[in-house]
Amino acid sequence: MITVAVQGREASFHYQAAQNFFADQELHILGFDTFAETFDALTNKQADYAVAAVENSIHGAINEAYDLLREHQLWICGEQYLHIEQCLIGLPQATPETIIDVYSHFAALSQCRRYLDAQLPQATRHVHPDTAGAVEDVKQWNDPHKAAIASAYAAKYYGLPVLVPNIETNHHNYTRFALLSRTQETPSEATKTTILVELPGHVGALYQTLGIFAKHNLSLSMLTSRPIIGNPGSYQFIIDVTANAQSDDFQAARKEVTATQNSLRVLGSYKPLNTIEQVTSA
Numbered sequence: 001m002i003t004v005a006v007q008g009r010e011a012s013f014h015y016q017a018a019q020n021f022f023a024d025q026e027l028h029i030l031g032f033d034t035f036a037e038t039f040d041a042l043t044n045k046q047a048d049y050a051v052a053a054v055e056n057s058i059h060g061a062i063n064e065a066y067d068l069l070r071e072h073q074l075w076i077c078g079e080q081y082l083h084i085e086q087c088l089i090g091l092p093q094a095t096p097e098t099i100i101d102v103y104s105h106f107a108a109l110s111q112c113r114r115y116l117d118a119q120l121p122q123a124t125r126h127v128h129p130d131t132a133g134a135v136e137d138v139k140q141w142n143d144p145h146k147a148a149i150a151s152a153y154a155a156k157y158y159g160l161p162v163l164v165p166n167i168e169t170n171h172h173n174y175t176r177f178a179l180l181s182r183t184q185e186t187p188s189e190a191t192k193t194t195i196l197v198e199l200p201g202h203v204g205a206l207y208q209t210l211g212i213f214a215k216h217n218l219s220l221s222m223l224t225s226r227p228i229i230g231n232p233g234s235y236q237f238i239i240d241v242t243a244n245a246q247s248d249d250f251q252a253a254r255k256e257v258t259a260t261q262n263s264l265r266v267l268g269s270y271k272p273l274n275t276i277e278q279v280t281s282a
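Residue numbers (my numbering): 1 to 282.
Incorrect hints may have been included.
Said to hold, decoys possible - Taking lysine-lysine and the BS3-like style, the derived pairs with C-alpha atoms no more than 30 Å apart in a straight line are: (1) 215 with 45; (2) 255 with 271; (3) 156 with 139; (4) 215 with 255; (5) 271 with 215.
To be verified - Label pairs and their calculated CB-CB ranges: (6) 165 with 279: 15 to 23 Å; (7) 93 with 219: 47 to 55 Å; (8) 207 with 44: 34 to 42 Å; (9) 231 with 145: 44 to 52 Å; (10) 171 with 255: 38 to 46 Å; (11) 170 with 273: 21 to 29 Å; (12) 24 with 110: 32 to 40 Å; (13) 36 with 165: 27 to 35 Å.
To be clear, the hints were calculated from the coordinates, so they are not data collected in a lab. Being a predicted model, the structure only gives us computed values, none of them experimental. Cβ atoms here follow ideal geometry from the backbone N, Cα and C, with glycine treated the same way.
Construct the entire structure; sequences and hints are all you get.
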């Protein structure tokens, strides 16, 4: 049996992503309230793998996940995209008009802000560690004045009705999940590599580094910066490269980047389970 650590309770989006990664295998999922606990579980060998959301199509990179990835020296060994649809979920006797308290993860509350402003102006919004956990708590509280925002999957799992479906402001809402491991392996079928680059502070350093990848015909699909702790004003850059880390082009680019006093660390090289184009067209 494979044990996977995720942030969130049963039926959370992380829970669904873990099931997708290991669809044909016997799986035990450990749910935690925070990303930090999830990463600790993998580092401390409570789990064989962990799943963490690393990017959302509306909010961008999820910085906490990348910071923990750097701190724990873990390895990205897979990724997938999920289409995120949010629903208002409550007790069978509840209606939107009866709701005075809404609970969900801060990102879900933000994603549904327009609906909440227009249709539930009377409701107080409460941040919950997890969307699915909010549904479970609403069921336990047994109060028709309380509702949760989560997926239809979570509503079905906990046996509560969807009061209003698809209340997210932007229906083109996708989250990218990374599969994490303690083992650093690059499979031959890997087509994507995530790297961490620390650059010197001189003018044009980032421009020159990106030019090296272009010179070697390597496409970049994501670039985000993170401050270097203890060195104010200095940054590391997390970059997704569409290439296998063992390919000749990537190795040549890596050699050239590090030759100019830049630090380059590979965070993982993997084959994506799907692409955002595939999820969008599904």
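Distance restraint between residue 255 and residue 271, which requires alpha-carbon spacing of 30 Å or less: 23 Å, holds
Distance restraint between residue 215 and residue 45, which requires alpha-carbon spacing of 30 Å or less: Violated, at roughly 41 Å.
Assessment of proposed distance window 44 to 52 Å (beta carbons of residue 231, residue 145): At 50 Å between Cβs, range holds.
Range agreement (Cβ of residue 110 with Cβ of residue 24, hint 32 to 40 Å): Since the Cβ atoms of residue 24 and residue 110 sit about 35 Å apart, the hinted range of 32 to 40 Å holds.
Whether the CB-CB distance between residue 93 and residue 219 falls inside 47 to 55 Å: 53 Å, holds
30 Å Cα cutoff - pair residue 271, residue 215: 23 Å, holds
Cβ separation of residue 170 and residue 273, checked against the hinted range 21 to 29 Å: Since residue 170 and residue 273 have Cβ atoms about 23 Å apart, the given range 21 to 29 Å holds.
Distance restraint hint 15 to 23 Å, applied to the beta-carbon atoms of residue 165 and residue 279: Holds - the Cβ-Cβ distance for residue 165 and residue 279, about 18 Å, lies within 15 to 23 Å.
Range hint compliance [Cβ, residue 171 to residue 255, 38 to 46 Å]: The hint (38 to 46 Å, Cβ to Cβ) holds, given that residue 171 and residue 255 are roughly 44 Å apart.
Pair hint residue 156 and residue 139, alpha-carbon separation not exceeding 30 Å: 12 Å, holds
Pairwise beta carbon distance, residue 207 to residue 44, judged against the given window 34 to 42 Å: 41 Å, holds
30 Å limit on alpha-carbon distance, applied to hinted pair residue 215 and residue 255: The given pair, whose Cα atoms are some 13 Å apart, holds under the 30 Å limit.
This entry does not satisfy hint 1, going by the numbered hints stated previously; all others are met.
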